[in-house]
Amino acid sequence: MNIDLLFKIAGIGILVAVLNQVLAKAGREDQAMMTTLTGLIIVLMLVINEISNLFETVRTVFKL
Amino acid sequence: MLIFKIVVSICIICISTYIGIIKSKKLVDREYILRDMVTFLGLVENEIKYMLSILPNAYESARQKLNSQLKDSLGQIVVDMLSADNYHMANQSIVNNIACIDGLSDYDKNVITSTLKNLGRSDVDGQLNIINNSINILDNQIKEANTIKLKNSKLYRTIGAICGIMLVVIFI
Numbered sequence: 000m001n002i003d004l005l006f007k008i009a010g011i012g013i014l015v016a017v018l019n020q021v022l023a024k025a026g027r028e029d030q031a032m033m034t035t036l037t038g039l040i041i042v043l044m045l046v047i048n049e050i051s052n053l054f055e056t057v058r059t060v061f062k063l
Numbered sequence: 000m001l002i003f004k005i006v007v008s009i010c011i012i013c014i015s016t017y018i019g020i021i022k023s024k025k026l027v028d029r030e031y032i033l034r035d036m037v038t039f040l041g042l043v044e045n046e047i048k049y050m051l052s053i054l055p056n057a058y059e060s061a062r063q064k065l066n067s068q069l070k071d072s073l074g075q076i077v078v079d080m081l082s083a084d085n086y087h088m089a090n091q092s093i094v095n096n097i098a099c100i101d102g103l104s105d106y107d108k109n110v111i112t113s114t115l116k117n118l119g120r121s122d123v124d125g126q127l128n129i130i131n132n133s134i135n136i137l138d139n140q141i142k143e144a145n146t147i148k149l150k151n152s153k154l155y156r157t158i159g160a161i162c163g164i165m166l167v168v169i170f171i
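Chain order of the listed sequences is A and B. Heads up: the first sequence begins at 0 in numbering that gives the first Met the number 0, then just goes up one per residue. Heads up: the second sequence begins at 0 in numbering that gives the first Met the number 0, then just goes up one per residue.
Same shape as in the complex, but just chain A (with noise of 0.2 Å):
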């Protein structure tokens, strides 16, 4: 596994966290909320191929 995944994990985790308190200040809570589940699904697409790796290690390894 890349390393540079993590850190762009990391990265979005904290910018979308930074939007979500700017939108919320801002009195936009459900514009917050949407970020935030952009946000979500912007890092299970990046992880979508690692999971599809680990289902077929799994099965690899153990035969199934």
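FYI, nobody ran anything at the bench for these hints, they're computed from the structure. As the structure is a computational prediction, the values presented were derived from the model and not from experiment. You can trust all of the hints, since none of them are fake.
Derived BS3-like pairs (lysine-lysine); straight-line CA-CA distance at most 30 Å: (1) B:Lys-24 / B:Lys-150; (2) B:Lys-150 / A:Lys-24; (3) A:Lys-24 / B:Lys-148; (4) B:Lys-25 / B:Lys-153; (5) A:Lys-24 / B:Lys-153; (6) A:Lys-7 / B:Lys-4; (7) B:Lys-25 / A:Lys-24; (8) B:Lys-22 / A:Lys-24.
Got chain A sorted already, so can you dock chain B onto it with the hints?
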């Protein structure tokens, strides 16, 4: 390759921050244009009340004191009023030129358009009343524009910068 990535990242961040700044500037411009319009109406009122000027002359004299996009739009309206054959052509010019002004909401444009149209079909007392009513409406719009500006201009700049950084993090 690294230098290229850095340059592209800086470009992306600068562009998205610039977009945020442009959006924020529109809010500032709206208040500025509305204040200019109130100034214009006050000057037209003086021209009509004390100098008994006809409308195109009053508009031309008042618009010289303006600083925003309104100055050019009103200049074109004056030219069209002087060359128009009838009232409808002058009205059409008012609608077209006010619609071209960026930064104003549709309601602001409707108020300004109807004020300028109605000034053309009233006597002096009617014109003064129309101007006073419009100034009151525009004062409320200015308060609203100021509130929105204070609430949102910094927000748009921050969001612009953060979106740029996020794009860089995701793709680069």
